[in-house]
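**Q** Hey, can you piece these two chains together into the complex? The hints should help.
Sequences listed follow chains A and B, in order. Counting in my numbering, the first sequence runs from 1 upward without gaps. Counting in my numbering, the second sequence runs from 1 upward without gaps.
Worth double-checking, as some hints may not be accurate.
What the hints assert, rightly or not - Once the Cα atoms are required to be at most 30 angstroms apart in a straight line, the calculated DSSO-like pairs of lysine-lysine come out as: (1) B:K389 to B:K105; (2) B:K109 to B:K389; (3) B:K105 to A:K294; (4) B:K18 to B:K29; (5) B:K268 to A:K76; (6) B:K280 to B:K268; (7) B:K151 to B:K280; (8) B:K105 to A:K298; (9) B:K109 to A:K294; (10) A:K294 to A:K49; (11) A:K298 to A:K311; (12) A:K76 to B:K105; (13) B:K455 to B:K444; (14) B:K322 to B:K109; (15) B:K109 to A:K76; (16) B:K268 to A:K199; (17) B:K151 to A:K199; (18) B:K282 to B:K109; (19) B:K543 to B:K444; (20) A:K49 to A:K76.
Hints in this document: simulated from the structure, not taken from any laboratory. None of these values were measured; they are calculated from a predicted model.
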Amino acid sequence: MKLITKFIKPMAAATAIASLSTMAMADGHMVSDMTIVSWGGAYQDSQIKAYAEPYMEMNDGVSITWDESSAEAVAKMRAMNEAGNVTWDLVDVTAASAIRLCDEGLAMEVDHDEMLAEAPDGTSASDDFGDLIVSDCFIPQIVYSTTVGYRTDLVPEGTPAPSDICDLFDLATYPGMRALEKRPLNNMEWALLCDGVAKEDVYDVLATPEGQEQALAKLDTIRDNVIWWSAGADTPQLLADGEVFMGSTYNGRLFSAIVEQDQPIGMLWDAQVFDLDGWVIPADLPEERLARVKDFVKFATDTQRLADQAKYISYGPARESSAPLVSKHAELGIDMAPHMPTDPNNAKNTFLYNYEFWADYRDDIDAKFQSWLAQ
Amino acid sequence: MSDTTQQPMLSADGRPLKQSLARALRRQKIRALLLIAPLLLFVVVTFIIPILSMLFRSVENEIVSNTLPHTVVALQEWDGTTNQAPDEEVYRHLYFDLFRAVESKEHTKLGSRLNYEQTGLSSLFRTSGRSLDDLGEEYQDPLEEIDPRFKEGAFWYEMLNGEGGEELLESRRELWRMGVGESMAGDIGFVPSAQMAEMLPWTTRAYTDFAIWTVIDDEDVVAEEDPWEAVYAGLAQDLQNPETITAISNYSGPGAEALQAAANNVDKLPEVNFREGFAKIKEDWASPEVWSTIQVFSANYTPGYFLNAVDLELTPDGVQAKPENQQIYMQLFMRTLWMALVITGACIVLGYPVAWLLANLPMRVANTLMILVLLPFWTSLLVRTSAWKVLLQQQGVINDILVWLGFVGDADRLILMNNATGTIVAMTHILLPFMILPLYSVMKTIPPSYLRAAKSLGATNWTAFWRIYFPQSVPGIGAGSILVFILAIGYYITPEIVGGTSGIFISNRIAYHISSSLNWGLAAALGSILLVVVLVLYWAYDKIVGIDNVKLGG
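Same shape as in the complex, but just chain B (with noise of 0.2 angstroms):
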């Protein structure tokens, strides 16, 4: 023995047989990996990753900058305190924002997003997007009435189309990318020219959205088609500033018989104000309260759904809690839990003396006792719901047996559903299951005769079961507890059904902002506070009890 320190032993092929054991076993490792990988790719692909993915929602809200960029950047300039609702140019970047916006309908998405955060956002955005054309009509109809060549797509086309603006065109892509979710890739047949983009700046960024779109999307020819009123608003928008009037007057290209008509007859035009135009759509775009909602959301990453989900909301002067009347998240997690608890303790109580029988009574008796508890379990869980009601109900069977017996009078019959009590009756007898088994495979493997034997030593009944019998089966009370206790967690038809309003859980407003509010932001992040809530409580479960106690089987 003593050789093998200096001297390392060798196996047959001469190598020494530390190498050579550690190949083996990290042969059999890389065998049993491979064997697991199916496995592992298909819980990885089709479960932990789309869990991620919605809890990544609990964050996400690239929405806002997404379809609003320059108002978003031109916004952050705005002090919120002043109560004064922000300058000219935020609405300049907010009209041709959200006129891309509401060609791709993405206006009405960014609406419902924002009217969580604050009350009649959905309206303005839906009934701004239909009045903004009437916006670019007020120049358009002026434009076409100095020069007629403006009522031309070809016109239009062949005063823009030129080179050199190839990095504007891929900016303008980029934002409808951004906007739109898609490639918006492939060649539109129009490059705006870069001597136009000086002098007209609004102009061409608007019939280069225009363009793309019109291209890409709605799959036409750019110099057929009509631009939007967005450009003709963008025409109006350059001949406010002298120097591009100067510029016009110097111009020579194409259309530049139809620009200084436009030029000399400014004066025709009304005057550009976007401020004023949005608030004539709705005056709620005049309110400083809307476009503070707007900032503080602009965020691509918010923490504003978490704070939802614990009572309190982000507002432009930090954190508060929401008002009393409003507050409804933790009150319910607090239910959700102290309910589980309440539930995991009923089903021990009542789980283990039935597991005791199965564990000990004669073969033939406990499979027929075994069938009876797995019965239940078998069936459908919406069944054995409404079965409950039909027992719970005040009209319901357990009444007419209590007042048939004369137990209580026919006027004042017990209220056991539709509250706290019906949730968790049902919860209960729908969990026992899960408490009964791994109680029952622990059991079986706890020997007769150890109880025989303190017995026979002098204990007491009581005390041969409680300090010999009982210490054995604590890990299966411990596996069904954390069984019972997870599921009942997250329980949320069984609450609906019998629970009316005071035995209702999380789940049920989870399920409510995922199927009818549409708040999935909201909802992910209630769950995700759910799954830290267990994952805390298993670690605090290990810290005290020991996970090693836990036995799913004998």
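Just chain A, same shape as in the assembly (with noise of 0.2 angstroms):
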């Protein structure tokens, strides 16, 4: 083994000289080709503004294809895995399906020192991004939240709009349809935290089958007014539609839809959950490809990229350096920070996405919520 790597390497080095020569290219050791796999829409358009057209202005002959594929990504991964060809090199995904893969071997460990750049100050990146980096393989970047949005003009005369996250089950005070995920997510931590339990208190009750019982009997105080959405696109055009008066979405599809496209919908920040999404490196990337993703990975993440990001999209940059570099809207020239999530007027009450619950309930409840979805 030692004897061939000896050998390979004056020879691949002989080759990196000849291939520089020809085509005087800086980096002879990164391949200049990525494909990238993210979400699609608004979010990919603000990947590709904040971070890739400025990496490709500055790496010359750097082309990026982009896969919208995140939504199955850790399917696929496994599967081309167990092919044995990985044509992804860096890969867009919820912390949840980063831990996921994590666990499964599919992504690579990184060593976020190492990789990631400093903050400006030199803090270092693990400090900065600090208890985001919920998994060795995953790399933050932005902080979204689930929260509630509703139909402003259909807001019952002489009632003030809704603020609470409970007003969601107020079917007397509020009545009309509802929009929520086909999932127990979010949906049994709010059913609880509105039937009295503490908020501290809520995954410790959701442990137990009495506990899930009771988020279930609390959702089905509406589930005859409810409307099931898979696609995170589904509310805001069932609000827009007039189809619901309420709903479950991330909050950055709120923003597009309120402040961007004008329609008359507001939003709760109330008892917001907290998710992160961030970068994956597929494991045993080969060595050429591997060093263009780390490239690219350390200019992405990096305290400036982060806020700028947010020019687009109304999702907070994970790190904390990033924070105060958020400035206006790139086309509106509103101010951004008012509509982060993270933003400490609407961060008055969040939960964080509890990561090691779920991964180990979410067969369970999952079971439980489709069984009694199915009644």
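**A** Next comes the structure, spelled out in structure tokens:
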């Protein structure tokens, strides 16, 4: 083994020199094309504008192919890995998926301090990201939240607009349909919270069969008025069509419906559930592809780039040092800070997605939830 | 003619005619086979083998015994009904098995697998993986204090390297191969000494594991690396045995001094108790429940996924029905079959007149009509389904028209989607061409003169249709029904979009388990059942109607 690598290295160097001289490329050990997987839509656009375009400007000849497969990334990466042909170089996933990919050995473990840039004041990357590094494989990008939007024009006359998460369950004061995600996540937490369980006890209660029954019983009170969604775009559409009065979705989707499209929609920040989104690198990438990915990631997750992304979408940058740099919306010119889920005014009452809990209970509670839905 | 029985007929070249005919036929058959061979090979390699290997996952369960090989064997003795956690020996094997699994990062895979059966095992394995080092360090620190030479990688190598241990080496390599799924072949520059393997069995095994992994996976040199914590734990375990202490005092090979120092100071080492150690990492390890799950699912092949797929579960007490609040699959299978039948029926009712028109109108009109049938057929499935969404929703076109006409009040608009109605309406529309086209091609071949003849003989319109025309169009109905039914049974995009909760099919759960929960075993079991159901129905159809009666084309 040793012998072979000794023999190969000079050869690789020789070819690298040869390619350097012929192609005049500065980085002979990196491939020049990358496939990045993301979610499509406004989110992917924000990544293209904030990370990819500046990077391609700096690195002549680099081309990036975007694949909009993040929603099925975990299954596809497993299939690719089993087939022995991983075609992706960098994958954007939620933190829960990153933990899963790490568990399955499908994502590469990274040394955050070695791979990522320091903050401008010299704080190490791992301190700058802090608790948001929820898995050894996960490189955080943004904090987003799942929260609730409502139709401002359909609020009954004489009643104040909804401001409490429990208004979701209050059909007497706020009649009309609701849109909730077709998964137990978030719904179960909100149900318990509105059934009198203290916030700090929610996961302890939800861990017991009685607690799960309790949450489903609470959801039962509104089940005839719920349309269950499975894609993030559903709720804004249902709200825009007037199909539902209230519905849960991601805060960035609501921002774009309210501010960019000027729909008669309002939103709550109460009991918003924080979640993270970030990069993972597929395990066992060939060296030259890995080198390119590392180079890109170091650039794309530095303090300025993460702050830049907030010009295009209302998701909070995952670095502490990026927060003060968040500026105005690129087209509308409005201040973005008040639209961030992490803004102190918005983050008065929040939940942090409990990764460990859902990794354990997901199969069990999902079975109960789906069985309840099917009744 | 009577001659032929005695004297075989001869062909031109003098051979018996029968033989030479058979030869010619055989040659033709081979030529035909060769012609389709590429297609056959293509279908087998790209279609049949992948499907079979996917279905194979519904029973495959090697991950437990591959990851924890010794633990699983030791656990066989354990009686789960006593409500007592297994004894120290099982935990000891678990420690060394799990240590290997953690190094190769297989333990979290096992955790995810077992979490399908028991909630909490995913984090149990994940957190235990992180704390496993601490357990070994309890022995490493005092050992290094007793004799600092225990800190050196080279010292360990010199002590344990020797000859005669090839068999041990290969058996450990085999364990790695099973656990990691790679060959792990190659010279590692280390052979355990047979003498040490006898005197310090746990130490030598742990060190051999370490050596194989260090060389093959990390591509390092064994002697230069500090051994794993597990090796120290192994030594502490060996020193528990009084015979080992005696053997060490008589030993004079490499490392004798340090070993003797350790043997004389055994009391400075904490007592080896893996059972307590694991309970300290996470108390769940002391729970018999965790162990019965591991025991029940330790076989290489399990009926567990299939049982899950029909709302049963495998428990230490045998097969049981799942708690009622977790049952869902039987209901979904029934619903899928029922709704596919309804959709097929609706397609017959709606498709038959259209096909009749197509077959009987003048060419020009029929062609225009045909385009109207085919146009939606060529449109993307998603577009058509989304269009139905626009039509069916409560603020949608159909409801708007009904409200405008005054048929329903604005306050109580009809709920036409996010339920079974939505799925049936949208899928009937989408699958209609699959009914119309075979019907049309059969009807095209029915001569119009038959109907005229019937009428001229005094039949009424109805009788002529029912007695003469309809029976001849049955093969088209059969073909269309089979197509529509089988397509419908596997649909999932349309139900997902317009089906809400009461209009989803079993395929939606299969998709969920493939792409979201990653429980591919359960998905494969559900898929296998669906496949068997379709085959059984096909067989029943053949018995009742006869498959020869099906015509896909003229």
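**Q** For each hint, tell me whether it holds in the structure or not.
**A** Here is how each hint holds up against the structure:
1. B:K389 to B:K105: It is violated: about 46 angstroms lies between the C-alpha atoms, which goes past 30 angstroms.
2. B:K109 to B:K389: violated (40 angstroms)
3. B:K105 to A:K294: holds (22 angstroms)
4. B:K18 to B:K29: holds (16 angstroms)
5. B:K268 to A:K76: violated (52 angstroms)
6. B:K280 to B:K268: holds (21 angstroms)
7. B:K151 to B:K280: Roughly 26 angstroms separates the two Cα atoms, so the pair holds.
8. B:K105 to A:K298: holds (26 angstroms)
9. B:K109 to A:K294: OK: K109 (chain B) and K294 (chain A) at ~26 angstroms, within 30 angstroms.
10. A:K294 to A:K49: holds (19 angstroms)
11. A:K298 to A:K311: Holds. K298 (chain A) to K311 (chain A) sits at ~20 angstroms (cutoff 30 angstroms).
12. A:K76 to B:K105: Holds, because 20 angstroms separates the two Cα atoms, which is no more than 30 angstroms.
13. B:K455 to B:K444: holds (20 angstroms)
14. B:K322 to B:K109: The hint holds at about 25 angstroms.
15. B:K109 to A:K76: holds (16 angstroms)
16. B:K268 to A:K199: violated (48 angstroms)
17. B:K151 to A:K199: violated (49 angstroms)
18. B:K282 to B:K109: holds (18 angstroms)
19. B:K543 to B:K444: Holds: K543 (chain B) and K444 (chain B) sit about 27 angstroms apart, inside 30 angstroms.
20. A:K49 to A:K76: With a Cα-Cα distance of about 26 angstroms, the restraint between K49 (chain A) and K76 (chain A) holds, given a limit of 30 angstroms.
When each numbered hint is compared with the structure, violations occur for hints 1, 2, 5, 16 and 17.
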